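Student: Hints in hand, dock the two standalone chains.
Each chain, written out:
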Amino acid sequence: MQTKKQKFILYGGSFFVIVIALFPFYWAIVSSLKSGSDLFKTDFIPPSFAWQNYVDIFKEQPFGRNILNSLAVAFGTVTICLTLAISAAYALGRVSFKGRSLLLLTILSVSMFPQVAVLSGMFELIRTLNLYNNLFGLMFSYMVLTLPFTVWILTTFMKQLPKEIEEAAILDGASTWTICFKIFLPLLWPALVTTGLLAFIAAWNEFLFALTFTVESQARTVPVAIALMTGASEYELPWGKIMAASVVVTLPLIFLVLVFQRRIVSGLTAGAVKG
Amino acid sequence: MVQDGSRDKWSLGLSGNSSQLTKYRVRSAWLFILPTLLVLCVVAGWPLLRTIWFSFTDASLSSLGEREFIGFDNFLFLLQDEDWWQSVSNTVVFAIASVTLETIFGLGIALLLHANFKGRSWVRTAVLIPWAIPTIVSAQMWRWMFNDIYGVINTILMKVGIISNPLAWTADPSLSMAAVIIVDVWKTTPFMALLILAGLQMLPQECFEAAKVDAIHPLRVFWRVTLPLLKPTIVVAVIFRTLDALRVFDLFYILTSGSTDTMSMSVFARQQLFDFQSVGLGSAASTLLFLMIGLTTIFFLKIGRSKSDQQEDA
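Keeping their order, the protein sequence lines are chains A and B. Per the working numbering, residue 2 is the first one in the first sequence, and the count goes up by one each step. Per the working numbering, residue 83 is the first one in the second sequence, and the count goes up by one each step.
A hint or two may mislead.
What the hints assert, rightly or not - Some residues of chain B that are not near chain A, with every Cβ distance over 10 Å (derived):
#, residue
1, 128
2, 167
3, 168
4, 255
5, 256
6, 291
7, 292
8, 295
9, 332
Unchecked claim - Simulated crosslink set (SDA-like; lysine to any residue; CA at most 20 Å straight-line):
#, chain 1, residue 1, chain 2, residue 2
10, B, 313, B, 302
11, A, 8, B, 303
12, A, 8, B, 201
13, B, 105, A, 101
14, B, 200, A, 19
15, B, 294, A, 11
16, B, 105, A, 249
17, B, 105, A, 16
18, B, 105, A, 172
19, B, 241, A, 21
20, A, 99, B, 112
21, B, 294, B, 199
22, A, 60, A, 37
23, A, 6, B, 229
24, A, 99, B, 104
25, B, 105, A, 175
26, A, 164, B, 303
27, A, 42, B, 229
28, B, 313, B, 343
29, A, 42, B, 130
30, A, 5, B, 202
31, A, 6, B, 112
32, B, 241, A, 178
33, B, 384, A, 103
34, A, 183, A, 94
35, B, 241, A, 20
36, B, 294, B, 304
37, A, 6, B, 302
38, A, 5, B, 201
39, A, 42, A, 19
40, A, 6, B, 193
Calculated from the structure, these hints are not laboratory results. Every value quoted in this text rests on a predicted model; they were computed, and no experiment measured them. For glycine and all other residues, C-beta sits at the position ideal for the given N, C-alpha and C.
Excised from the complex, chain B in its bound form (with noise of 0.2 Å):
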C-alpha cells in the first residue's frame, strides 16, 4: 500500500519530491567517487605535486630531507645537456616512427580480420598474444634472437643473404633504435588492430554493398569510403599510442644496455634519480616529460576539436 501511494505521488510528478529525488542522488553519487577521488589524490596528485617540488630543489637520494630551492636550475642544466637532448630525439623519433608503423600494420591487420574466411579466429588469437606477454618477457626474447653472435635474427638474415656479416643489434645505437621500435611494433600492432576492427564493424554496411553493386574497384572503395570513415577511430587510437610511446621505458631500459646514446626520457630520469641520486635533476627531467606529454595532449584536443567544428559547418 505504502509502494501504491509514492508511485502515485511519483507518477504524478510533485516537484518537490522529485528534486528532493535528486538532491539525494547527486549527495550519494559524491559520497560514492569520494574514495576513487581521494585516492587518486594521494596516488597521483600528491606524488606529482612533489616531483615538480623537487624538481626546483637540489634534492640528493640520500639526504631527501635536506634541500634547497635552487629555482629553475636544474632545467637551465638539462636545457644545456647533450644526453638530455639526445634522450628527447630518441623518444620522438621512437614515437614517430613506431606508431606510423603500427598504424599502417594494424590497418593491415584489422581489414584482414574483418574479411570473412576460415580460420579467422586463429589469426585473431595469434595476435592477441604479443600484447598480453609483459613488455620485460618480450623484450628479453627478443634481446636474446637479436644476440650478435648467437642471435636467430643474424643467422636468418645471413642465410637468406641479405647480411653478410652479423650486426651487433643491441650494441649500435643506430640499429639498436631500429630494433626497440621493431619489438615495440611488434608488442602494439595487435591493440591497434582490434581498435581499427572494432571502428570497422561499426561503420555503415551500406555505402559497401552499394559500392559492390556499382562494381567499383575495393582499393578505390578503400580509399574514398573506408578510410576517411575509419579516420576519427584511427585518430583516437594514434593518440593513445602517441602518449604511451612517449613515455616508453622497458624496451629501452632492457634492449640497449644502458649506454647514453640511447636512452629514452624516461630512463634518463630514472637514470638522474635513483643511479646518480640526484632527485632534483631526475624530477625536473621528469616535470619537462609531464609538459611534453600535456602539451601534446592539449594539442591533439584541439586538432580533433576544430576538425569537427569544419565537418559540422560543412
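Extracted from the complex, chain A is given alone in its bound form (with noise of 0.2 Å):
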C-alpha cells in the first residue's frame, strides 16, 4: 500500500528524471529546426519547422559519407569481434584447464587499459601496416576496445548454459567444433545479439581513435564529422548543423534502445555483477 507522500515521491522524483534526461535531446531538435536569427533566441518551440538543416548537412557536408564510414566500422568491428570472441568465451566458460582464471583476468585487464596508452604504438602500427585513413585501420584498433568485454560478456552467457546438453553431445562423440557452433551457438543467439548491440554502440560512438587515424573528411566517422563541424569562419560554429546532425545519429541508437532495452541492460549487468 503506497501513502499519498510516497506516491508524490515516486512519480515527482520520475518526473525529474525524465525531463532531466531527455531535455538535452529535445533542446537539440528544436535548435535543429530553427534557422537564421530565430537559433539565438531561447523559444522552446521552434516558430516554423525549417529543414534547412538537415539539408545542409548532406550536401554542403560529406555527412552521408561519414554515415556510410561508421555503418561498415561498426558492422565490420561486430562480426569480427562475436567470431573471435565465440571460440575464445567457449573455451573459457566450458573447458576447466590451467590458467584460465589468469588469462580471464589478463583478458579484463586489457579493457581497462586507457586508449591513449596504446595511442603511438598503434600509429605507428596502422601506418606501418598501411592502414593509415582507412576504414579498415580503424576496425583493426577497435578490436582492443570491443574485443575483451565481448569475450567476457560472452563467457559468463556459456557458463549458464545446461551442463547436459553438452555431456550429451560428448556421448555422441561430437567435437570440440560442433559442440561449440552447432549445438551452442544457436542457443546463443540471444546472447549474442546483446553482446553485438554493446560492440556495435561502442564502435559507433569512439571517438579518440577515429580522429586520430583518418585525414581526409571523407574518411571520417560520424563522432569526428560532428566534433570538427566547422562553419563559414572558425570561429562561428554552425550550430543549426550540428544539432541537426547530432539528431540524426542519435535517433537510430533511440530506435535500438526502445526496441532491445531489456537486451542490453541484462548485457551491461552480466559484464559486470557477475565478474
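Tutor: What follows is the structure in C-alpha cells.
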C-alpha cells in the first residue's frame, strides 16, 4: 500500500528524472529546426519547422559518407569481434584448464587500458600496415576496445548453458567444434544480439582513434565529423547544422534502445555484476 | 551400436579414456582461444610496449624512425611541467567528483526503478537514452546549451533568478570543470543506476519482509539493510566508473576549448603526441596515465580482498 506521500515522491522523482534525461535531446531537436536568427532566441518551440539544416549537412558536408563509414566500421568490428569471441568464450566458459582464470583476468585488464596508452604504438603499427586514413585501420584498432568485454560477457553467458546438453554431445562423439558452433551457437542467439549491440554502440561512438587515424573528411566517422564541423569562419560554429547532425545519428540509437532495452540491460549487468 | 559401446565405456569411467577426453578438450580449448589471444597481443600488447619504449626516446612524429634513447629525461621533464600537473589534478578532481555524484544519483534512480509503480518502464527507457547517445554528440549538445550568449542554461538560470549575468561556462576554467562534470554525470548515471538496480533485484526479499512486519521506518531499513547488502555491487560499479573516468578524453576535448588550464591527462598526452609532434614526451605522459590506472586497479583489488577476508573472519 502506498501512501500519498510515497506516491508523490515516486511520480515527482520520475518526472524530474525523465525531464533531465530527455531535455538536452529535445533542445537539440528544437535548435536543429530553427534557421537564421531564430537559433539565437531561446524559444522552447521552434517558430517554424525549418528543415534546411538537415538538407545542408548532406549537401555541404560529406555527412552521408560519414554515416556509411560509421556503419561499415561498426558492422565490421562487430562481425570480427563476435567470430573471435564465440570460440574464446566457449573455451573459457566450458573447459577447465590450468591458467584459465589468469587468462580471463588478463583479458579483462585489457579492457581497462586507457586508449591513449596504446595510441602512439597503434599509430606506428597502423602506418606500417598501410591502414592510415582507412576504415580497416579503425576496425583493427577497435578490437582493443570491443574484444575484451565481448569475450568477458559471452563467457558469462556460456557458463549458464546447461551441462547436460554438452555431456550428451560428448557421449555422441561430437567434436569441440561441433559442440561450440553447431550446438551452443543456436542457443546463444540472445546473448550474441546483446553483446553485438554493445560492441556496435562502442564502435559507433568511438572518438579518439577515429580522430587520430583519419585525416580526410571523406574518411571520417560520424563522431569526428560532428566534432570538427565548422562553418564559414573558424569562430562561427554552425550550431543549427551540428544539432541536426546530432539528431540524425542519435535517432537510430534511440530506436535500438527502445527495441532492445531488456537485452542491453542484461548485457551491461552480466558483464559487471557477475564479474 | 558403436554409440552404445562408447557410452558403456564412459559410464564405466575408464580412466584412460576420460583423461584422453580431458586432454583433447584442453587442447582444443587452447586452439579456440589462440586467435583471440593473437589479436589482443597485436592490438593491445604490442602497441602498449611500443608506447612505453617511445617514452624513453626523443622520437618525433615526422621522423618516428630516427630516435635516440634518452633514458628518463621525458619523465623528469613531465615531473617539472606545470601543465602536466594541472592535467593530473584536473583528471583526479573530475574522477572523484563525477563518480561520487553518479553513485548518489545512480542509487536514487535505482531505488526509484525498484519501486513498483505504473510508468516505471518509461523512466527506465528515458534513462537509457543519455547512455546510448555518443559522448561527442552529448558534449556538443551541452556545449550549445552552455553557450555564454545564446545558451539555454544561462537563460533558464537568469529567468529563475539564480544568476544575474550570463556565465562563460566553457571559457572560465573552474566553470568548465563544472560543465564537464555535469555532462559526465548526465551521461553515465544511467550505467550506475542499472548496475545498482541489478544488485537490488538480487537481494534476498526475506529481510525486507521481516522489516515490514516489524514496521521499521523505511529510512532505517535503507541504512541498516539495503545499503550494507548493496555494498559489493556499489563497489564494483565505482571501480568500473573510476577507471573509466581517469582516462576521460572526449568531454574535455570538446567542452574546454583546449586551454592548458582545463586538460585531462589523455588530452595532454594526445596534444603532445600529435599537435606538438613530440611522440617521446606524449608517450611518457601516456605511460604515466597507464601506471596510474594500473595502480588504482591494484589498490581497489587489495581493498576488496582485505574487506572480504575480514567478513569471512567475522
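Student: Against this structure, judge whether each hint is valid.
Tutor: Taking the hints in turn, this is what the structure says about them:
1. For residue 128 of chain B, the condition that its CB be more than 10 Å from all CB atoms of chain A is violated, with the nearest at approximately 7 Å.
2. With 10 Å as the threshold on Cβ separation, the claim that residue 167 of chain B sits away from chain A holds: the shortest Cβ distance comes to roughly 17 Å.
3. No beta-carbon of chain A comes within 10 Å of the beta-carbon of residue 168 of chain B; the shortest separation is about 17 Å.
4. At the 10 Å boundary, the C-beta of residue 255 of chain B stays outside the reach of chain A, the nearest C-beta of that chain being 20 Å off.
5. Distance check on residue 256 of chain B: its Cβ is at least 22 Å (rounded) from any Cβ of chain A, clearing the 10 Å threshold; non-interface status holds.
6. No Cβ of chain A approaches the Cβ of residue 291 of chain B within 10 Å, the least distance being about 14 Å, so the stated non-interface status holds.
7. For residue 292 of chain B, the requirement that its beta carbon stay farther than 10 Å from each beta carbon of chain A is met, with the minimum near 18 Å.
8. Every C-beta of chain A lies more than 10 Å from that of residue 295 of chain B, the closest at about 14 Å, which supports listing it as non-interface.
9. The claim that residue 332 of chain B is not at the interface with chain A is violated, since a C-beta of that chain comes within 10 Å of its own (minimum 5 Å).
10. With a CA separation close to 16 Å, the supplied pair residue 313 of chain B and residue 302 of chain B stays within the 20 Å bound.
11. Of the pairs offered as hints, the one joining residue 8 of chain A and residue 303 of chain B holds, with about 19 Å between alpha carbons and a cut-off of 20 Å not exceeded.
12. Under the criterion of a C-alpha separation no larger than 20 Å, the hint pairing residue 8 of chain A with residue 201 of chain B is consistent with the structure, at around 12 Å.
13. Between the alpha carbons of residue 105 of chain B and residue 101 of chain A the distance comes to roughly 15 Å, so the proposed pair stays at or under 20 Å and holds.
14. Simply put, residue 200 of chain B and residue 19 of chain A have alpha-carbon atoms about 14 Å apart, close enough for the 20 Å limit, and the pair holds.
15. Among the hinted pairs, residue 294 of chain B with residue 11 of chain A is consistent with the structure: their alpha-carbon atoms are about 19 Å apart, no more than 20 Å.
16. The suggested pairing of residue 105 of chain B with residue 249 of chain A is violated, with an alpha-carbon distance near 53 Å, which exceeds 20 Å.
17. A distance of roughly 59 Å separates the Cα atoms of residue 105 of chain B and residue 16 of chain A; the hinted pair therefore is violated under the 20 Å criterion.
18. Between the alpha carbons of residue 105 of chain B and residue 172 of chain A the distance comes to roughly 16 Å, so the proposed pair stays at or under 20 Å and holds.
19. With a C-alpha separation of about 18 Å, the suggested pairing of residue 241 of chain B with residue 21 of chain A holds against the 20 Å cut-off.
20. Taking the CA atoms of residue 99 of chain A and residue 112 of chain B, the gap is about 11 Å. The hint holds against a cut of 20 Å.
21. A hinted pair counts as satisfied when its Cα atoms are at most 20 Å apart, and residue 294 of chain B with residue 199 of chain B qualifies at roughly 18 Å.
22. Simply put, residue 60 of chain A and residue 37 of chain A have alpha-carbon atoms about 18 Å apart, close enough for the 20 Å limit, and the pair holds.
23. Our distance criterion of 20 Å between C-alpha atoms is broken by residue 6 of chain A and residue 229 of chain B, whose separation comes to about 39 Å.
24. Pair hint residue 99 of chain A plus residue 104 of chain B holds up; C-alpha atoms about 12 Å apart against a cutoff of 20 Å.
25. Distance restraint check for residue 105 of chain B and residue 175 of chain A: the Cα-Cα separation of roughly 15 Å lies within the 20 Å cut-off, and the hinted pair is therefore satisfied.
26. For the hint pairing residue 164 of chain A with residue 303 of chain B, the CA-to-CA distance comes to about 40 Å; that exceeds 20 Å, so the pair is violated.
27. With a C-alpha separation of about 12 Å, the suggested pair residue 42 of chain A and residue 229 of chain B falls inside the 20 Å cut-off, and the hint holds.
28. Under the criterion of a C-alpha separation no larger than 20 Å, the hint pairing residue 313 of chain B with residue 343 of chain B is inconsistent with the structure, at around 36 Å.
29. Proposed proximity of residue 42 of chain A and residue 130 of chain B is contradicted: the alpha carbons are some 49 Å apart, above 20 Å.
30. Restraint check for residue 5 of chain A and residue 202 of chain B: satisfied, since their Cα atoms lie roughly 17 Å apart, inside the 20 Å limit.
31. With a C-alpha separation of about 59 Å, the suggested pair residue 6 of chain A and residue 112 of chain B falls outside the 20 Å cut-off, and the hint is violated.
32. For the proposed pair residue 241 of chain B and residue 178 of chain A, the alpha carbon gap of about 67 Å is over 20 Å, so the pair is violated.
33. Between residue 384 of chain B and residue 103 of chain A, the direct Cα distance comes to roughly 17 Å. Compliance with the 20 Å bound is thereby established for this hinted pair.
34. A C-alpha spacing of about 17 Å is found between residue 183 of chain A and residue 94 of chain A, which places the hinted pair at or below 20 Å, so the restraint holds.
35. Our distance criterion of 20 Å between C-alpha atoms is met by residue 241 of chain B and residue 20 of chain A, whose separation comes to about 18 Å.
36. About 12 Å separates the Cα atoms of residue 294 of chain B and residue 304 of chain B, which keeps this hinted pair within 20 Å; it holds.
37. Annotation: proposed proximity of residue 6 of chain A to residue 302 of chain B holds, straight-line Cα distance about 17 Å (limit 20 Å).
38. Of the pairs offered as hints, the one joining residue 5 of chain A and residue 201 of chain B holds, with about 17 Å between alpha carbons and a cut-off of 20 Å not exceeded.
39. Of the supplied pair hints, the one linking residue 42 of chain A and residue 19 of chain A is violated, its CA atoms being roughly 25 Å apart against a limit of 20 Å.
40. For the hint linking residue 6 of chain A to residue 193 of chain B, the alpha-carbon distance of about 16 Å falls within 20 Å, and the restraint holds.
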